[in-house]
Amino acid sequence: MEPYYSKKLIKRFSNPKNFGLIKDADAVGSAGNPKCGDIMKLYIKTEKKPKKEVIKNVKFHTLGCAAAIATSDVICDLIKGKTLKEAAKVSYKDVMSELDYLPAVKKHCSFLAEQALKDAIKNYSKNEGKKSKKK
Amino acid sequence: MKKEKSKIYFDYAATTPVDPLVLKSMTPYFSKKFGNTVSFHSFGQEAKQALEESRERVAEVIFAKPEEIIFTSSATESNNLALKGAAFSRKKGKIIISSIEHSCIIETAKWLESQGFEVVKLKVDKYGRLILEDLQRKIDKKTILVSIIHASNEIGTIQPIKKVGQLIKKFNNKNPESKIYFHTDAVQSFGKIPINVNEMNLDLLTASSHKMYGPKGAALLFIRNNTKITPLFHGGGQELGLRPSTVNLPAIVGFGRACLIAEKNSIKENARLIKLRDKLISGILKKIPNSHLNGHLSERLPNNANFRFDFVEGESIVLQLDLMGIAASTGSACSSNKLEPSHVLLATGLKHEQVHGSLRLTLGKWTEEKEVNYLLKVLPEIIKNLRKISGNR
Ligand code: FES
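Chains as they are written, first to last, in the working numbering: chain A, 84 to 218; chain B, 3 to 395.
Treat the hints as calculated values from the structure; they're not laboratory data. The structure displayed is predicted, hence computed values, not measured ones. Cβ atoms here follow ideal geometry from the backbone N, Cα and C, with glycine treated the same way. Take the hints with a grain of salt, since some may be wrong.
Claimed, not checked - Subject to a maximum C-alpha distance of 25 Å in a straight line, what follows is the list of computed PhoX-like cross-link-like pairs (lysine-lysine):
| id | chain 1 | residue 1 | chain 2 | residue 2 |
| --- | --- | --- | --- | --- |
| 1 | A | K128 | B | K340 |
| 2 | A | K90 | B | K386 |
| 3 | A | K142 | B | K390 |
| 4 | A | K132 | A | K142 |
| 5 | A | K90 | B | K340 |
| 6 | B | K144 | B | K123 |
| 7 | B | K390 | A | K201 |
| 8 | A | K94 | B | K379 |
| 9 | B | K144 | A | K106 |
| 10 | B | K386 | A | K142 |
| 11 | B | K172 | A | K94 |
| 12 | B | K390 | A | K139 |
| 13 | B | K171 | A | K106 |
| 14 | B | K181 | B | K171 |
| 15 | B | K143 | B | K171 |
| 16 | A | K176 | A | K106 |
| 17 | A | K90 | B | K9 |
| 18 | A | K91 | B | K390 |
| 19 | B | K390 | A | K100 |
| 20 | B | K340 | A | K176 |
| 21 | B | K340 | A | K190 |
| 22 | B | K386 | A | K100 |
| 23 | A | K163 | B | K181 |
| 24 | A | K94 | B | K390 |
| 25 | B | K9 | A | K94 |
| 26 | A | K135 | A | K94 |
| 27 | A | K165 | A | K214 |
| 28 | B | K9 | A | K91 |
| 29 | A | K91 | B | K386 |
| 30 | B | K67 | B | K172 |
| 31 | A | K90 | B | K390 |
Claimed, not checked - Far from chain B, some chain A residues (derived; all Cβ distances over 12 Å):
| id | residue |
| --- | --- |
| 32 | I93 |
| 33 | P133 |
| 34 | H144 |
| 35 | D160 |
| 36 | L161 |
| 37 | G164 |
| 38 | K165 |
| 39 | L167 |
| 40 | K172 |
Chain A on its own, in the form it takes in the complex:
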């Protein structure tokens, strides 16, 4: 029998590296799980490189179950160093495969991570729009 949570998930959950706040974040994304009431926030800081703009730093705050915390941590690693366009392609499936597997009732926790990411990217473009108007 497989244990309820994978070894990888337990490791992420018990020692997440990416939680915390980015005070001067360029965008913040959030997602909530209406079913169980969990909340996740993703902070993104970007950096302009020649010809492209990449995600330099990303952090999360998650109030939720072990799967929610682990998937939050994973998604941060997955998008770090990527351009926003590349990051937008990251899905819950990528998150899940990083953790080997999730219990069936916990699949939605990985949706949470994807939603928070999408929200952050959406807010980023909004923020950028405002900035360029000011100029």
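Dock chain B with the ligand against chain A, hints included.
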């Protein structure tokens, strides 16, 4: 040499280990005294005698007569038999339960509702105590059964069963043509705190062996003489025909033995548990900011402590504790298969997000003070770390 890290069990409300003395009492009934209690020969009679002795022992715990005890396989079965059995014998009518029953009562009542019975739930106050006026309001001539859990498996709140019994008795005396049966699910209290079915005016009571250091697979339903119950099974007539099927004698003998031990020790053991429990409660409330006690401070089971912590989620706490070798439980939605928060905590008026960070710690016979101390040492750290992760330092 590396010493194996010892594990700590704070989940006695889920199930208890079998007392070694209980286990010893059971062993002969597997291969040596294996007879079927309905057989006429000496093997059968030997088994029958052990069965009846066990019946006497469990009956004594609640001041019942031995012939008023039916052995079943589990509390779920006993509760099903009590509710469905009473309902079927009356054909129609109203069933009153509390809003903090165990799921096997709630689900049984729900099913009976689908079969045409009326089901109403009674409110509880913020401590999880039954609001008696609500019962007074809802009880009527259509009512056939009232079922109230004696002590909550989640928050440990003990209900005023005696007062409920008096209220029902009064109603029955005034309306002699339609007797209301009174049932209690005493799974968490049986063998732990005093129960007297006569003083409490009970007609039906459920208790289970594996919550009191007996084996799994044995439970009982007390059925007061002259209480009409329709059986769920039909067969060979065992257990007065109310629960036919070959009895699980080794488990029942163990159940009886567990009762004997409980009767002897419960007063001293309760005093010990209350001391540990209160140390746990005051320690946690003092050491962890934004922590709260669920349930009543004193009207609670000697072995139950239930908390909620703001800004954290319960499953995470339980898993962190597990990684530290401590077994506990939570009413958080994330930990349940249905992703629904504990209906008991919701019934006490808590909001979904408050239930979210709940933690149940239940103590037992083998809980030691140093284990409580260890928990008091590690839990504040765990909560602190999880709050950092949730961004609510
Ligand atoms: S976020 Fe609640 S179950 Fe995972």
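Here is how each hint holds up against the structure:
A C-alpha spacing of about 37 Å is found between A:K128 and B:K340, which places the hinted pair above 25 Å, so the restraint is violated. The hinted pair formed by A:K90 and B:K386 meets the criterion: a straight-line CA distance of about 23 Å does not exceed 25 Å. A threshold of 25 Å between alpha carbons decides the hint, and for A:K142 with B:K390 the separation of about 12 Å falls inside it, so the pair holds. The straight-line distance between the Cα atoms of A:K132 and A:K142 is roughly 20 Å, inside the 25 Å bound, and the hint therefore holds.
The suggested pairing of A:K90 with B:K340 holds, with an alpha-carbon distance near 24 Å, which does not exceed 25 Å. Restraint check for B:K144 and B:K123: the C-alpha separation of about 15 Å stays at or below 25 Å, so the hint holds. Note on B:K390 and A:K201: the hinted pairing holds, with a Cα-Cα distance of about 24 Å set against a maximum of 25 Å. Of the supplied pair hints, the one linking A:K94 and B:K379 holds, its CA atoms being roughly 22 Å apart against a limit of 25 Å.
Proposed proximity of B:K144 and A:K106 is contradicted: the alpha carbons are some 64 Å apart, above 25 Å. Proximity of B:K386 to A:K142 is assessed by CA-CA distance (about 18 Å); at most 25 Å being required, the pair is judged to hold. Taken as a hint, the B:K172 and A:K94 pair is broken in the structure, with Cα atoms around 60 Å apart against an allowance of 25 Å. In summary, the hint linking B:K390 to A:K139 is supported, as the alpha carbons are separated by about 22 Å, within the 25 Å threshold.
Restraint check for B:K171 and A:K106: not satisfied, since their Cα atoms lie roughly 66 Å apart, outside the 25 Å limit. A threshold of 25 Å between alpha carbons decides the hint, and for B:K181 with B:K171 the separation of about 9 Å falls inside it, so the pair holds. Restraint check for B:K143 and B:K171: the C-alpha separation of about 13 Å stays at or below 25 Å, so the hint holds. The hinted pair formed by A:K176 and A:K106 fails the criterion: a straight-line CA distance of about 29 Å is larger than 25 Å.
At roughly 20 Å between alpha-carbon atoms, A:K90 and B:K9 fall within 25 Å of each other, so this suggested pair holds. A hinted pair counts as satisfied when its Cα atoms are at most 25 Å apart, and A:K91 with B:K390 qualifies at roughly 21 Å. Straight-line distance between C-alpha atoms of B:K390 and A:K100 comes to about 12 Å, which keeps the hinted pair within the 25 Å bound. Between B:K340 and A:K176 the CA atoms are separated by roughly 22 Å; this keeps the pair inside 25 Å, and the hint holds.
At roughly 13 Å between alpha-carbon atoms, B:K340 and A:K190 fall within 25 Å of each other, so this suggested pair holds. Distance hint between B:K386 and A:K100 is fulfilled; the C-alpha atoms sit about 16 Å from each other, no more than 25 Å. The suggested pairing of A:K163 with B:K181 is violated, with an alpha-carbon distance near 71 Å, which exceeds 25 Å. For the hint linking A:K94 to B:K390, the alpha-carbon distance of about 17 Å falls within 25 Å, and the restraint holds.
Restraint check: the Cα-Cα separation between B:K9 and A:K94 comes to about 20 Å, which is no more than 25 Å; the hinted pair holds. Straight-line distance between C-alpha atoms of A:K135 and A:K94 comes to about 34 Å, which puts the hinted pair past the 25 Å bound. This hinted pair checks out: A:K165 and A:K214 have alpha carbons roughly 22 Å apart, not beyond 25 Å. Straight-line distance between C-alpha atoms of B:K9 and A:K91 comes to about 23 Å, which keeps the hinted pair within the 25 Å bound.
Of the pairs offered as hints, the one joining A:K91 and B:K386 holds, with about 23 Å between alpha carbons and a cut-off of 25 Å not exceeded. For the hint pairing B:K67 with B:K172, the CA-to-CA distance comes to about 24 Å; that is within 25 Å, so the pair holds. A C-alpha spacing of about 23 Å is found between A:K90 and B:K390, which places the hinted pair at or below 25 Å, so the restraint holds. Chain B draws A:I93 into its interface by the beta-carbon criterion, the shortest separation being 7 Å against a cut-off of 12 Å.
Consistency note on A:P133: stated as away from chain B, and its beta-carbon is indeed over 12 Å from all of that chain's, at 34 Å minimum. Distance to chain B contradicts A:H144 as a non-interface residue, since its nearest Cβ pair spans about 3 Å, not more than 12 Å. Once the 12 Å rule is applied to beta carbons, A:D160 is consistent with being away from chain B; the minimum gap is 15 Å. Residue placement check: A:L161 keeps its beta carbon more than 12 Å from all beta carbons of chain B (closest about 18 Å).
Against chain B, the non-interface label of A:G164 holds: every CB pair exceeds 12 Å, the least being about 23 Å. Look at A:K165: its CB is around 23 Å from the nearest CB on chain B, clear of 12 Å, so calling it non-interface holds up. Every C-beta of chain B lies more than 12 Å from that of A:L167, the closest at about 23 Å, which supports listing it as non-interface. Remark: the non-interface label on A:K172 is consistent with the geometry, its nearest Cβ contact in chain B lying 27 Å away (cut-off 12 Å).
Violated hints, in rising order: 1, 9, 11, 13, 16, 23, 26, 32, 34; the structure is consistent with all others.
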